[in-house]
Amino acid sequence: MTATGTPSASWEDLVAVALLGTDRRAPSGVAPGRSAPSALLDAAAAETVRRRAGLRPGRAAPRPEPAPEDPRPALPAAAARRLARLLADRPGTGGGGRRGTAPDLMELLPQWLAAANARGFAAPAATLPALLDAARGRTDLRPAALEFAGPRALWLARLNPDWRFALRSTPGGGTALPGPEETGRIEKLWQEGLFAERVALLAGIRSRDPDAARALLESTWPTERAEDRLMFLDSLRTGLGPRDEPFLEQALADRSRNVRSTAAELLSALPGSALAARMAVRAAACVAVDHTRDAPTIVVEAPHECDAGMERDGVVSKAPPGRGERSWWLGQLVESAPLASWPARLGGRTPEEILALPVADDWTGELHAAWCRAAVRQRDADWSRALLGVPSAPEAGGPGAVSLAERAKLLSTLSSGERAGWVAGFIATHGLSEAFQLLGVCAVPWAAPLGRAVLDALNIARDAGSYPWSFSGVMGLAERCLDPAEATRLDGLLAVPEEPEDASPGAGGYWAEAFQRLGTTLRLRAVMSEELGAVRDTAG
Amino acid sequence: MTQQGVRWTTDQVLALAPDAASRKAGSKLGAAGPWSETGSSDEGAVWGLCRGSGAGSYRTVVDVADGSAPAYTCSCPSRKFPCKHALGLLLLWSDGEESVPARAEAQAPDWAERWLAARRGRTREERGTDARGSEAGPADPEAVRRRAERRAERITAGATELEQRLADLLRSGLATAEQAGYGLWEETAARMVDAQAPGLASRVRELGAIPGSGPGWPVRLLEECALLHLLDQGWLHREHLPEALAATVRTRVGLTRPPDGTPLRDDWLVLAQYDVVDPKLTTRRIWLHGLASGRTALVLSYGAAGRAPELNLPVGLTLDAEVSAYPGAGQRRGALGEQFAPPAPTAVRPVGVTTAEAAARYGSALRDDPWLESVPVTLDGVVPTPDGSSWQLAEADGDTALPLTPSATAGPGCGVWSPSRGVRPSPSSASAATAASLP
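Chains X and C are the protein sequences, given in the same order. Quick note on numbering that gives the first Met the number 0: the first sequence kicks off at 0 and runs consecutively. Quick note on numbering that gives the first Met the number 0: the second sequence kicks off at 0 and runs consecutively.
Hints in this document: simulated from the structure, not taken from any laboratory. Predicted, not measured: the structure shown is a model, and the values here were computed from it.
Counterexamples of contact, computed for chain X against chain C with all Cβ distances above 10 Å: (1) Phe164; (2) Pro245; (3) Arg256; (4) Glu310; (5) Pro320; (6) Thr363; (7) Ala407.
Beta-carbon label-pair distances, calculated as ranges: (8) Ala447(X) to Thr282(C): 51 to 61 Å; (9) Arg118(C) to Gly505(X): 34 to 44 Å; (10) Ser206(X) to Asp396(C): 38 to 48 Å; (11) Gly508(X) to Ser74(C): 11 to 21 Å.
To give an idea of the interface, some chain C residues facing chain X are shown, with a C-beta separation under 10 Å as derived from the structure: (12) Thr8; (13) Leu165; (14) Gln232.
Cβ coordinates follow ideal geometry from the N, Cα and C atoms, glycine included.
Produce the complete structure using the sequences and hints provided.
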């Protein structure tokens, strides 16, 4: 804001006189004395109004660059309104408490974003600030929210310090990764980029063209720092294949121990690699079938030493406190040996038959746990199935050494349909109290048999008279993962049942409320996906 | 009084919420799940049963016939007004025909119909009383005149005393004000309250804050002292002023009068609505723009602490209504008179001006009211531009700009420009705002 012309001398003069006081300095053209202050104020009033009336706009700062275009098609109107509602439901305003019958809108936002991204819609410009705020509050939302918000959100984020995270989470501060044909830019970014940019670049190329990414990494490998080598090596997990073997074999001789063990782990995930073959020989020397007993039994002779060759292949010689050295070494050999080598070694038996054999001298737990780790690492569905066993078995089939977390990992190697079927069987036998972790690895929306099993189990839990919040984790999952088509099956569950005598007081009402919320959420999800014009996604 | 079957927008409904928690709770209930027996009539009634947490259901009825002052009833025990059920029901209704079907009011359930009938009857009665009430004059004109005279005398005494204080200050110099601090001004302000001149009192109180307001304070203090002196002199010589300016002086000193302008019927576009919250009182300021007359009016509505003021005019809608101006030259404040239709959406926006024209408009408005601090302007073709740590609205095709108030972070639309503080924008319709924020 600037006043017209140069500041008038008389105004400056008036301010100076006013500061000092008329007793000390007389204003020009005014007689000193009793009337001086009043005359000064008269002149100042006229000058103030004159100055204000003559105000002009100030000089403009450099204008921000125009926002980039978002070429994606606009969101359908109904979906845009829905998004505004979902974004308006901010956490922290409702003050905890009971959840009531209304759906948890914020929890549906990830799903909505995934569906909108799958359809490739552009975010309405007016929702960008709310999207950025939502992504700021919840890191798990960031990737999907930023993808949906698109290039204009990054442009906007540069103008508000609160949204800096958006620039950090996107490599290159919002500049897109170079395309496959831009070899010059790739080379430049790889040579000169920041560490995070380089990791993102490598991961991006690896997902498109695994060989090119490895070649890029090899070009600078000897000059990288040890901790950087470890991170880069880790990004080779994506698209790992036999062609990576020579490079990984070379990394087994790396100066850094962590790099060596990661390389060994990656090689052991390649059942055809030379390292896997060496491990198979070592492991086979420790495990055999003894036919001299009444029934065929597996006998285990754990290694007596960890030689230099084993160490070079990634075996850690020092056992963690509380574990015997020999069993520690055995575990590492068995988990790195290709599972496919065991049937030949153990008399042509199938995985099921091998796992059914008794193991001498209490080695069962150790041996089966190592096979579990191997099945997960080598993503071997046959062994996983055998290790999981029948879901309805008293201890869920698998050996006692298999924890819930390991079962969840084993499940992830199976096809989504088989996974859902196994978890459904597990819930039908064992109820929901152990099921949360297993449900987490099932594909969304849940396949019909799984959805039915969860609903039946919830119904049984209600009839048993416990409170619904004992199952709040599963309830929340069901709200997000159950197929909306199951909503009709809920109708029978909405009524408040008569309380059995031994039930917790009031539980029936709370259950009806929880089922109501489940039904409302499912219907809302169906509407949401219709609004986005999504084809009803089928289970599986 | 009604506009047939026009459903509100989501924003319009959410603007009714008394606080953020209610907005959230209402949003959650704005889904079909807990609702049954819903319906809405062409007369502007919406009703429905909401299943609560217990066994029972709450009966919720909303009457939006009078769009700017909807009425609610709900059998829930909440003390919020409107409660979350009413908000949820309106949100559901705003979704459209599939969510809340249109029905004749006669088909409404008994509980809804009873309340609606009682309400419709009462509203008619009130309208009748209003008409009679305005005809009846004050009881004793002579006593009223004597009271007014006594008050004018007190104000004159206050203004004279204030002139004395100002003269003392200028005689010893503004530099002494820095040492004197707040107390001196607080005491003088209290004297002005005693003199029944609240306008003078609040100006005096603001003087106290200036010495601590950073570099350049002597200039600001001299300006404010001079304007206060001008107001004092205006009051003391009000007989010699033109009638309109005298009315402005009276209003500025704190003598409020009822609006006396002829009611102006127009399609009033709601430019801005924002609340100024004070521990004791929430003041809602609503800026209206007459589409035919081109006039801009400020309507105030008050709510007790923690309650949303009753009047709610969603931004971007137009209202066919009468507005009468308060007395005084350059007076923007108006009173909302009769409304002929509920607010309706419109695509019309006031024609914007350039930054230079905005500054010039403030300059010419000072002719009518030299104490004017801000003027409403609609800027066109401006780009919000970062300028160091603050923001400005820069001409898209020029090199001039107006600064934004530090608190302004919303998108631009129509704003109130104050030379000392900058433009305070209020988000107008979403599309207009984004067109400007994403050039």
